[in-house]
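Enquirer: Chain residues, written in single-letter form:
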Amino acid sequence: MQHMANMSAVRDVSLTPAVDVRGLSHVYAGREGAVPALSDIALEVPAGRFVVIVGPSGCGKTSLLMMLAGLRRPTSGTILCDGRPIAKPDPARVGVVFQEASLYPWLTALDNVEFPLALKHAPREERRARAEAMLKLVGLEGFGTRYPHELSGGMKQRVSIARGLMQDPPVLLMDEPFAALDEQTRMTMGHELLRIWSQTSKTVVFITHSLTEAVYLADEVIVMSARPGRILDRIAIDLPRPRTYQMMATDLFGRLRERIWEQIRTVP
Amino acid sequence: MTRPSPRTVRRLIGLALLVAWEAIPRLGILPELFIPPLTKTLYVLWLDRAIYAAALLVTLYEVAVAMLIACGVGILVGAVVGGVASIRNLMLPVFSSLYAVPIVILYPVFTAWFGIGSESKIAFAGVYGFFPVMLSTAAGIRTIDEQYLIAARSMGASLPQLIIRVIIPASIPTVLAGLRLGGALTIIGVVVSEMLTSADGIGYLVTKNRTTLDSPRVFAAIIVILALSVVFDLAVRWIERRTLIWQIAGRRERPDARTSRGAMPAPATA
Amino acid sequence: MRGSIIILVRIAILAALLAAWEALPRLGLVNPMLLPPLSDVLKTLVTILGRADVHEALGVTTAEVVVAFIIAVPLGTALGVLAAENAYFGEIFRPMLFYVFSIPKSIFLPMFILVFGIGFPQKVAYATFSTIFIVIMSASAAVESVKAEHLLVAQSYGATPAQILRRVYLPSMLPILLEALRISMIFNFTGVMIAEMYAARTGIGHMIANWGENFQMPQLFAGVILLAAAAMLFNEAVRALENRCSIWRT
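Chains as they are written, first to last, in my numbering: chain A, 1 to 268; chain B, 1 to 270; chain C, 1 to 250.
Don't read these hints as lab results, they were simulated from the structure. Note that the Cβ used here is the ideal one computed from N, Cα and C, for glycine as well. Don't take every hint at face value.
[To be verified] Label pairs and their calculated CB-CB ranges:
(1) A/126 / C/149: 24 to 30 Å
(2) A/58 / B/160: 45 to 51 Å
(3) A/191 / B/4: 55 to 61 Å
(4) B/83 / A/262: 29 to 35 Å
(5) A/33 / B/27: 54 to 60 Å
(6) B/68 / C/13: 37 to 43 Å
[What the hints assert, rightly or not] Some chain C residues flagged as far from chain B (calculated, every beta-carbon gap over 12 Å):
(7) 50
(8) 119
(9) 201
[Unchecked claim] As a list, the in silico DSS-like pairs of lysine-lysine whose alpha-carbon atoms are at most 25 Å apart:
(10) C/147 / A/88
(11) A/120 / C/43
(12) A/136 / A/120
(13) B/40 / B/208
(14) A/88 / A/136
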């Protein structure tokens, strides 16, 4: 019986997409008049999915992510998260992991992770305990007292992820989180992210320039066009889970990668 | 509705200042003793043009010699202090600590030593300009991209070749920055010292006419000094435009002045 | 190990300079009237430090420096933040500020004297005037040093404007603001000194100028040593604080 109840709960959640974008367009005021940045974006991400967005530079990926995070307002269209609109940042529903160097250099790793709860004036012991648990989750147990400049690039991004998970939001947005890392660290971090994802069952929207990373991580890859950004294609990645490095050498991996590349390459 | 460009606004502010300068004393808002009308000031400047020209010549002579000392010695010492690691570690913190001392307190020493003629002005302005030029050169020399040196060495450059073909061209922006700073500072140093104790020069005219409460002549001298610093600024800009390529080359993306102690671009304190 | 060698060499150089200061006039290599031996100067320093008129002058000068600093720093910081936050305002005034740096501010001393006389208010007004521009520039630079990503993170976690000010702006700006404090004190001190040397009835700058005019070289050098030591002491104290706060900048 217990099992059945759980099943129906899962069913219910999955009926409402974790992220639901409808008819979203964005125009910003440039030097020479209005510049269309995003055009008619529709995107449904079921709960627990790992979605990766790729596209040429300047296609509005980051703009889209900013809007999902409630940091920027679209010109038109709606964004629902858990069925409710996102009008301003709501860290309880959406956590964000930024590109490099978004940690506060004057705070220790632990204090950085605690930052979101410190803003909410959460009790000290509670947030400390939670932050320590998050650091453990990302594999940085015992590094809490270090300052960002005492951490490697990969470790910094682990701290960023821990911070994004701090308020246990159902949705985690990631804006090229590993772009500044070297290739080896990047692969390791991708793998680590999948482990963390499988342990926390978050919905992830992940932006990257690396097609290999996209195929390796994603349940589904969204290919966007050059400005004004539109969704060109949605490619289901039916590689089995858990992913392994060996999969990168398979034909299927290569074909999926090739298919994304074709889409981006033919963009005018 | 678009806002007027910042440049237009600046020009309007400048114009408004000039108009205010004329209108405020004429309308009796402030007494003419505090601020004589602009036209009256220009008129006495024209009347006494011979006096002002002679004073300006004295000032220019002092500025020229002091600039030679401040920039010449400053750039040289700065290059050595910045370029040689052991001297840098030894001396740079000491120099940047000395920079905190208001050099103007040395001026009475110079007048006692050199009298109230041009020599004490030159000594003071030279020392006044020296420290910032030296510090900025020392900081600038260190921003030369090490890649240039490594690349040249990999191509088999000898030490003289390295100096002539890499280090000197790469130092030009630093030297120019030193000249600009040193020039502005020596003008300030000369004017300040002429105002304090002297018998000639444009700064002396400010003080002399102040003690006799001859405000139009005080402001006439101020106009000459302002014109002097504007002309110097324009001249430096002209040189900088002509050597623009050097400005772009030779330097790292953005030398972080703060990571090196005492590398702060040291502006005029007086 | 290397650090201690450097300090030893520095002490050796300093000792050599001081020894030369003592020996050259004693040996008659330079005129002791122009450069009195160091020991005489130090004896004079002790004597003048016991004089009531010097106490009074030091008190006046200190008060002028402190009051001008208290006015110039908050006012300049506010204007600098405004110039940095409002791009339009900043674009208008920044070139004007740069120009102000290249002109001798002392030429406006006659106006300050006409308006405020030659007493305490004039010293404070002139020192404030000569300090405020560097404070404005430093505060602008401090605001611009706040990283956009750091603001974005705070916003994405729903920080209020007050929280952003306290938790992002303040810690980001702190090292530069401390540096600004240090540099503006140099400007401030110089401003007070020039104003006192130019026209005053009291104050240590005024005394130094008088000693110079009257060829009282031991007193003059004693005063110079005293003021230089005070300036360097303040400078190093703030710099020590600065270094503690800027560990994370690297």
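Enquirer: Could you tell me which of the numbered hints above are not met by this structure, giving the numbers in increasing order?
Expert: 4, 5, 6, 11 and 14
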